[in-house]
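Number of protein chains: 2
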Amino acid sequence: MSLGDWRRRIDEIDRKLVELLNERSRCALEIGRIKQAEHLPLYQPDREREVLENAEKANPGPLSDAAIRRLFERIIDEAMGSDGAGGGKK
Amino acid sequence: MSLGDWRRRIDEIDRKLVELLNERSRCALEIGRIKQAEHLPLYQPDREREVLENAEKANPGPLSDAAIRRLFERIIDEAMGSDGAGGGKK
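Protein chains in written order, with the numbering used here: chain A, 47 to 136; chain B, 47 to 136.
Only chain A is shown next, with the shape it has when bound in the complex (with noise of 0.2 Å):
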């Protein structure tokens, strides 16, 4: 395969990343409705622990844990909107 055909199949992988993260995002946005509804702690660190967990568990590789841990610490925060729009793009 050749430099271009490697980046074409990285760019499928992106548009299917993009989907998926926007789904997470929904999931979250989910919960978080149903936490303020019963009054439930928005931030619950040891779920957060286990999101972690679960990923590396997950984890295969090449990507090492360490990676995987800092990507979905990122995943994480961004999930419920931190831009503090709360569901609207942009």
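Take every hint as true, because none was put in to throw you off.
Given that identical chains are not distinguished, each listed pair holds provided it fits within a single copy or across any two copies.
Derived pair list, reagent style DMTMM-like, types lysine to aspartate or glutamate, alpha-carbon separation capped at 25 Å:
| # | residue 1 | residue 2 |
| --- | --- | --- |
| 1 | K62 | E99 |
| 2 | K81 | E119 |
| 3 | K62 | E96 |
| 4 | K81 | E58 |
| 5 | K81 | D92 |
| 6 | K62 | E119 |
Simulated from the structure, these hints should not be mistaken for lab results.
Using the hints, position chain B against chain A.
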């Protein structure tokens, strides 16, 4: 759907994300090998810009374009194994 249902949905998405992120990393490592063999620069800012633009263009929300950009900056950063191993897990 209950809190637990949404969390199970997130766990499922996360397993797919781990898989795709590793698949992406394998592609990036292949690209790195080709570049080395062909004496091309490893860092190509134009391609990085293209990747970020593609991700933003594919973004339907609820994640903001800024969030997608931050996520992909990290994804690009980790893809080639910044831990130094260059291919091996851990």
